[in-house]
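K.L.:
Following the hints, complete the assembly by docking chain B onto the known chain A.
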Amino acid sequence: MRANGILPAVAVIALYLLVPAALGHVDYVMSLIVAALTIGGIAVAWAMLGNLGGMVSFGHAAFFGVGAYVSALLTLDAGWPVFPAMLAGGAGAAIASVVTMPALRLRGPYFALSILAFAHIFRILATELESITRGAGGILSIPVLPTVAGFDLSSKIGSYYVILTIVLMAMAGYAWLRRSTVGLALLAMHDTEDATKVVGVPSTRLKAMMLALSAFITGVVGAFNAHQINFLDPDYAFSGLWTVLPIVAAIFGGYRTISGPLVGALVIYLVDQLVFKSFLPHGHEIILGALLVAMIVLSPTGLVPLVRQTVTLVRQTVTRGHHAAA
Amino acid sequence: MSAALDIKDIRAGYGAVNVLWDVSLSVEAGTTTAILGPNGAGKSTLLRAIMGLVTVSQGDIVVDSCARTGTSTWNMVNEGVVMVPEGRMVFRDMTVEDNLLMGAFPKRTRPRAQANLKTVYQRFPRLSERRRQLAGSLSGGEAQMLALGRGLMEEPRIFLVDEPSLGLAPVIVDEIFAGLRQLKEEGRTIVLVEQNTYKALSVADYVYLMQAGKIVMSQVAADVDVDHLHDLYFARKTGSEH
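In order, the protein sequences belong to chains A and B. Note that the first sequence covers residues 1 to 326 in the working numbering. Note that the second sequence covers residues 1 to 242 in the working numbering.
Next comes chain A alone, as it looks inside the complex (with noise of 0.2 Å):
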């Protein structure tokens, strides 16, 4: 029992010591490694709607590419910071939620595919609004993440640092809710949302406000990306892939657990662009597509679910096995 509360505390300072250290001077893992973690956040932030509140959305796409758009609009045009524009960035996605929100109303596989309209009217928007967004031509030379205190975090390094502080400051939200008693309602929602409103749970309320906070996630990513690449358009900002990825990542990480949709992240965006494009450069993610298949016929919860399973029960056997010496 003790172990598992120091497991996260030990992950939490490898990635934030080691990782660096070991890896900080191979500049092209490194940029797979703030991908990966790009995807990560997404993947938390979609795991966290289909948990709390038992949403399945096809179009986080749409948060993240509002939420890229916002904050570079506003630093390139209004003059803001970095840091407060992409926390603006995240408000955007939040608000732009409140658009889907008639959505819903619906369940399913319904609620998901209009949500998936949504990413696209938004990517429509982006491109026509010229005067606005500067239309299909996209956003060049973007801010780039600021210095602070003398440390560079526009390096690749700086750059890792701050999105591995967002994802785990998501991740850390998410792990409170869930424990408290609105989580507990929205993990009850699952069951039947008839039973949890009639035991005075405001559900359509809690639903949105998941939402927003969804959305709100997902567009920081999404405002972090940009002022890491520095450039947007609106097929790249809107692309189908930001939804994807996170759903395969998830998914294959362990979609009910915290850290399943990063553990997931890193693992398939790692070993796709590592091992797969190094011998399929062309069409590597069908790979991904059967790993996924291949997962959720081994293991439908997903990969840490199922590491944990194997220890306790390696460590069952070794107990057993001083039993049977002693």
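Accuracy of the hints is not assured; some may be wrong.
Each pair of labels, with its calculated beta carbon distance range [as the list claims (entries may be wrong)]: (1) B:Val171 x A:Ile13: 51 to 61 Å; (2) A:Val99 x B:His228: 51 to 61 Å; (3) B:Arg132 x A:Val148: 46 to 56 Å; (4) B:Ser128 x A:Thr181: 49 to 59 Å; (5) B:Pro111 x A:Gln309: 34 to 44 Å; (6) B:Ser202 x A:Ala172: 53 to 63 Å.
Okay, derived cross-link-like pairs now, DMTMM-like style, lysine to aspartate or glutamate, Cα gap no bigger than 25 Å in a straight line [what the hints assert, rightly or not]: (7) B:Lys107 x A:Glu193; (8) B:Lys214 x B:Asp64; (9) B:Lys107 x A:Asp191; (10) B:Lys184 x B:Asp93; (11) B:Lys184 x B:Asp6; (12) B:Lys107 x A:Asp194; (13) A:Lys156 x A:Asp27; (14) A:Lys277 x A:Asp27; (15) B:Lys199 x B:Asp225.
Hints were generated in silico from the structure; no laboratory data involved. This one's a predicted model, so the numbers in the text were calculated from it and none came from an experiment. All C-beta atoms in this analysis are idealised placements derived from N, C-alpha and C, irrespective of residue type, glycine included.
P.N.:
Showing chain B alone in chain A's frame:
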């Protein structure tokens, strides 16, 4: 005595299908009212309409002289109108205790959650024994006790109980009804939907009989002639020769 709950000529249903046709009933504070009737008579729909789970297209729902038609379910709960739904609807993946604590979700009841929890455990000691167990692993009778307990955590002023005997063995049904009788003796206002007429009559002060979405009979429980009631219940001709 004033009516705690007054329902006036309501129509309600699911989409294009209307189920309740101008249903009226009145529940006095501190009494137990039984709503009887066969499957599909609209009894559960009536309770769901009161709770705002089904849209009311016509008529009024009045709680303590305040119009509450169209009020959202969670606000009805805040007004103290609490339903124990048909088929229990416990949260299967949560422990018994978490299920009960979910009943204390409304802000109004949260400060007294621990005290209420203790009372529920005293009332249903079986739940106390199983407090760490997942609700999905309970027997039907225990799940019904849990559903009742969860309802009591919401501090009901008007307690709507939908078919508590559904699918339970007779011994367990006796136990559940003993619990309901105790609640009645404590002076609670109860609206009980049942198919088990004898059991319902044993606790009710007042009886309504529903048939095809309408109230076909309303009477003081003590005056009810069970044979006549069953004639209506099974839509036999009144006074049919045997």
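K.L.:
Would you pick out the hints that fail for this structure and give their numbers low to high?
P.N.:
4, 10
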